[in-house]
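Visitor: Next come the chains, spelled out residue by residue.
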Amino acid sequence: MEYQEYQLRETAAKLLEEEKANVVIGYGLSKTGKVVPVFITRPEDAQKLVWNSECHQNLVVFLTRPEVKRLGKPAIVVKPCDARAIVVLANESQIMRHEVYVIGMVCEGVNEDQGRPSSRCAICYGHYPQNVDQVIGEAEDAPKDLSKEERRKTGKYQRIEEIKALPPDERLAYWKREFSRCVRCYACRQSCPLCYCNRCVADKNRPARIPTSASLQGNFAWNILRAFHLAGRCVSCGACSAACPAGIDLNLINLTLANAAEEQFDHLSGTKVGALPLIGTFSESDKEDFIR
Amino acid sequence: MAKIGVFTCWCGENIARHIDVERVSKAIESLPGVHCSMNYKYMCSEPGQSLIIDQIKSLGLTGVVVASCSPHMHLKTFRAAAQLAGVNPYMVEMANIREQCSWVHADKEEATAKAIELIRISVEKLRHNRPLQPISVPITKKALVIGGGVAGIQAALDIAAAGHEVILVEKEPSVGGKMAGLSETFPTLDCSQCILTPRMVEVNQHPKIRLMTYSEVEKVEGYIGNFSVTIRQKARYVDVNKCTGCGTCWNGCPNKRIPNSFDFNLGNRTAIYIPFPQAVPARPVIDSSRCIHFKNGKCGICEKNCAAGAINFNDEDKLITEEVGAVVVATGYQLYSIGKEQSNPNLSGYGEYGYGKYKDVIDSLQFERLISASGPTGGEPKRPSDGRVPQKIVFIQCVGSRDNAKGVSYCSKICCMYTAKHTMLYKHKVHDGEAHVFYMDIRSGGKKYDEFVRRAIEQDGALYHRGRVSKITEEEIDGVRKLVVRGADTLTGKPVTVEADMVVLACAMAPTDGATALAQKLSVGYDEYGFLSESHPKLRPVETNSAGVFLCGACQGPKDIPESVAQASAAAAKVLVMFSQDHLTREPEIAHVDESLCAACCACVQACPYEAISIEEIVDRKGNHVKNTSRVNPGLCMGCGTCVAVCPSKSIDLEGFTEEEVYAEIESLLS
Amino acid sequence: MEKTNTDQTFEPKIIAFVCNWCTYLGADLAGTNRLEYPANIRIIRLPCTGRIDFNLVIKAFEVGADAVLVSGCHPGDCHYNAGNYHARRRWILFRELLEVLGIETERIHFSWISAAEGAKFQKFVTEIVDKTRALGPYRGYQSITHESEER
Chain A
88 MEYQEYQLRE
98 TAAKLLEEEK
108 ANVVIGYGLS
118 KTGKVVPVFI
128 TRPEDAQKLV
138 WNSECHQNLV
148 VFLTRPEVKR
158 LGKPAIVVKP
168 CDARAIVVLA
178 NESQIMRHEV
188 YVIGMVCEGV
198 NEDQGRPSSR
208 CAICYGHYPQ
218 NVDQVIGEAE
228 DAPKDLSKEE
238 RRKTGKYQRI
248 EEIKALPPDE
258 RLAYWKREFS
268 RCVRCYACRQ
278 SCPLCYCNRC
288 VADKNRPARI
298 PTSASLQGNF
308 AWNILRAFHL
318 AGRCVSCGAC
328 SAACPAGIDL
338 NLINLTLANA
348 AEEQFDHLSG
358 TKVGALPLIG
368 TFSESDKEDF
378 IR
Chain B
10 MAKIGVFTCW
20 CGENIARHID
30 VERVSKAIES
40 LPGVHCSMNY
50 KYMCSEPGQS
60 LIIDQIKSLG
70 LTGVVVASCS
80 PHMHLKTFRA
90 AAQLAGVNPY
100 MVEMANIREQ
110 CSWVHADKEE
120 ATAKAIELIR
130 ISVEKLRHNR
140 PLQPISVPIT
150 KKALVIGGGV
160 AGIQAALDIA
170 AAGHEVILVE
180 KEPSVGGKMA
190 GLSETFPTLD
200 CSQCILTPRM
210 VEVNQHPKIR
220 LMTYSEVEKV
230 EGYIGNFSVT
240 IRQKARYVDV
250 NKCTGCGTCW
260 NGCPNKRIPN
270 SFDFNLGNRT
280 AIYIPFPQAV
290 PARPVIDSSR
300 CIHFKNGKCG
310 ICEKNCAAGA
320 INFNDEDKLI
330 TEEVGAVVVA
340 TGYQLYSIGK
350 EQSNPNLSGY
360 GEYGYGKYKD
370 VIDSLQFERL
380 ISASGPTGGE
390 PKRPSDGRVP
400 QKIVFIQCVG
410 SRDNAKGVSY
420 CSKICCMYTA
430 KHTMLYKHKV
440 HDGEAHVFYM
450 DIRSGGKKYD
460 EFVRRAIEQD
470 GALYHRGRVS
480 KITEEEIDGV
490 RKLVVRGADT
500 LTGKPVTVEA
510 DMVVLACAMA
520 PTDGATALAQ
530 KLSVGYDEYG
540 FLSESHPKLR
550 PVETNSAGVF
560 LCGACQGPKD
570 IPESVAQASA
580 AAAKVLVMFS
590 QDHLTREPEI
600 AHVDESLCAA
610 CCACVQACPY
620 EAISIEEIVD
630 RKGNHVKNTS
640 RVNPGLCMGC
650 GTCVAVCPSK
660 SIDLEGFTEE
670 EVYAEIESLL
680 S
Chain C
693 MEKTNTDQTF
703 EPKIIAFVCN
713 WCTYLGADLA
723 GTNRLEYPAN
733 IRIIRLPCTG
743 RIDFNLVIKA
753 FEVGADAVLV
763 SGCHPGDCHY
773 NAGNYHARRR
783 WILFRELLEV
793 LGIETERIHF
803 SWISAAEGAK
813 FQKFVTEIVD
823 KTRALGPYRG
833 YQSITHESEE
843 R
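Chains as they are written, first to last, in our numbering: chain A, 88 to 379; chain B, 10 to 680; chain C, 693 to 843.
Calculated directly from the structure, the hints in this document are not laboratory data. All clues given are correct.
DSSO-like, lysine-lysine: derived pairs with alpha carbons at most 27 Å apart:
#, chain 1, residue 1, chain 2, residue 2
1, B, K547, C, K812
2, B, K415, A, K374
3, B, K636, A, K359
4, A, K107, B, K636
5, A, K374, C, K815
6, A, K156, B, K636
7, A, K374, C, K812
8, B, K636, A, K160
9, C, K823, B, K117
10, C, K823, A, K251
11, A, K160, B, K631
12, B, K636, A, K291
13, B, K631, A, K156
14, C, K823, A, K374
15, B, K117, C, K812
16, C, K823, A, K263
17, B, K117, C, K815
Here are the in silico distance ranges between beta carbons for each label pair:
#, chain 1, residue 1, chain 2, residue 2, range
18, B, R32, A, V270, 42 to 50 Å
19, C, D822, A, D376, 15 to 23 Å
20, B, R32, C, D822, 26 to 34 Å
21, B, L328, A, Q134, 51 to 59 Å
22, B, G502, C, D822, 46 to 54 Å
23, B, P143, A, L233, 52 to 60 Å
24, A, V270, B, S67, 49 to 57 Å
25, B, H592, C, D822, 50 to 58 Å
26, B, K636, C, P767, 33 to 41 Å
27, C, P767, B, A317, 51 to 59 Å
28, A, S180, B, P147, 28 to 36 Å
Cβ atoms here follow ideal geometry from the backbone N, Cα and C, with glycine treated the same way.
Kindly generate the complete structure, drawing on both the sequences and the hints.
Guide: As structure tokens, this is what we get:
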């Protein structure tokens, strides 16, 4: 990991020196020693970049921010899960892929605060970054791609199965308990690399699709909307769950839809460059058993 | 402030018997925005409409709800009435309290309560409606006709006769289509070429028609009134302007044994050829896949012989772009393939009939060529294997048609008639010959059609057996190869075996191979077999759901010559209706984008069934990129609203069914 | 359609979103043929099933619907060529979402009803009303709404 960090700094300095990038979006340390996003624009500052097990945040969210765009051509440090968001952003024409230099880190898992393993690692697709411009780290011992079966063994999927096994009223009661804690801070939206709308429908009031106050009804409506807008798009990076101050495991809902997309449409978001959106396309042979 | 008038109709007793209209009017009066609420016996009648108009004028109403029948019945009527009184027609809503209330609910209490709610939905929607202006689209008064068979020729001639330019595109080297290859036509037995060739010549000579043979439509862009079509003119290797059609080239071509597809491979042609002697234009093409010059650079006899210097071995495909206002599709049909090899995995073919294995088992279009005076045998019915005149022919109907198990489920409609014709033509030429027909039913609806079939049976002595053929084998009997046809006659209940010299299969009609690809380019729907879909089976039979695109002939479904011609003239008439105006008025109920909010994620671009949405760049005054946005082409959008449902930020909305309007409708139902 | 608290007199409230060209006309045909069905259904006419966003279904529950019906043209018959195919794909995914959240999918009905299927419309609506009557008021979603009001 230390060698990875060294390589990362070297790479970043070189990219900036050669003006292959004007800004390197990566991880650094705050004054209190916490891992935070940094935006390196000078080669000599490349030494400020860090790579350790606390680098859990998905930095891809910054690529579509106007204030970051103004810094010039970006290079970005990504984990394998984050890299899939870049693929989706490019597929949805939010970034020109060739205008972003993607540094993929081989990742063996990260922690959220206090050394707690990040919930995103419970839905890992593989430790080796795909569709990036450069890979940093040893490739030999890093599994390239986890098979569907291997991924299904992780805790998250089991949690979904547990919830699904409950009777409907208990399922609803579970989510009522969860969503009653939601304060509608929209940290989930802010942290999501794929929530890039110029104005979210939740903020529109003609018509008001979602009651603006943090009522249970509004919280349900918001979370349904958020989840469904990510259907076939969410790359399971787990940023939403990590960001939620109320500790709601929002990613569980997204993951349910991601499962359905994979099972029914063989669609695994962020793994295919040039893939068309799942919602917005169709096949005449789409299978269902509920339409009468 | 909205000033809404609600007009509840009794529809005589149709509504008033099951709904207490007086109570409805009273209950509606107090709704927000409602300024007046009245009822009348017949709102759609002259006095009823006058009542609405008077109320609008005297009270200064801004919108109208008519609670009566289905909007499909009278929305246009009431919109027109409102417009007369100076109210925007899109500020009129209807509450369907007849079809969806008084006619289906017997309990007067329940029906009255529901009627009130239905009106409340409409009032709430109307409070959120915006006045809309019809969209005006300029029209390019030039038509594209795709397919130069009898239908395409008819459509082109009719449009040109009205003084408009037409581009007629045909993929083969000559116009004429399937009809040019037919012998005589039912039920009059007039010669097909005698009636068709003058029309073929006419399309070539008409000053308003640009005939493009050996060409195919490559790309279609744009929308009704404003299509931009790219046409691929395939390399002909002959300069049609220099060529005089003298025939020296094809007469001198040494490569003479190439199966001629126009004769369905029963006859031969040369490498430089015209498909048939009466071809229009009478200008040859070189089949580069078979020409010796293209193989080894030698030969070149045609080039040496051509006095006009028209041969050009360096010719290349050309792409030509044309602007047209309307498109008529007339791509016709081909026969369902009988062999085991099927492009559609649901079809299995009829291996047991030995088509392709036995030379003397042929299909009906091949038989047409065999008995055509201009065919490979000069009209003598000679069997392909040894040239003998067959003494017994078995005709099998419904090969592929009406067979869910192995073929297609539909009836091909023309086979009963042409099979009867085949038996007649054969008997007229071979007086002592036997013509056996195996059939399922005889379907001979049409003017003088049944009489024709009766004539074949009663006067010309065709032998009809009601039943299917199970197997055909080739056997040598008395030194002659015979086809032993084993079938059943279900009327006598006995098996029938015929030792025939030839078998003719009346295969199902199928759309031509490229039809569905073309349909996709034009955004025209098609059914599971690839027949193109008309807009409405009864009331809009030649229109499609893609505005400005019309259909005629067998590309839409199996049909005979008179029907194809009638449909072609109908399609031409529809084009001419369009061309009678300088501008086209389109319904304004289409999608529009809030470009300041669109993030250009392209979901709508993908979802639009009409390719009406594109991504455009917004630049500032200095030309710097500001952002990308999606934009709706108002000429192409048909107003389905699929884009709205897939747009995450709802930056796209559908006029007439906006988010605000629909939410208002739902919220009016809050309990 | 007043909703009462006692289930014996419970009249389900059913909101239907239908396309203009098939199911709406099918409902009209049921009327033309005088095919009687319960008066519990309120139809909201949209151009195409492609336009029917999942948000509308949620909104219907928010205003107190006990069941929702979404209906349009049969596959291959869409007036707009493909709107119903788009809708079908969205519903397949949307049901998965509702399933995990515990929103009763037996209260959301989907169907293809053509302009010629007046009888199917009548039968289907009758079935839905009977079924919803048996299920009782949708207290599940209504409890979300009511708890919001109590706060």
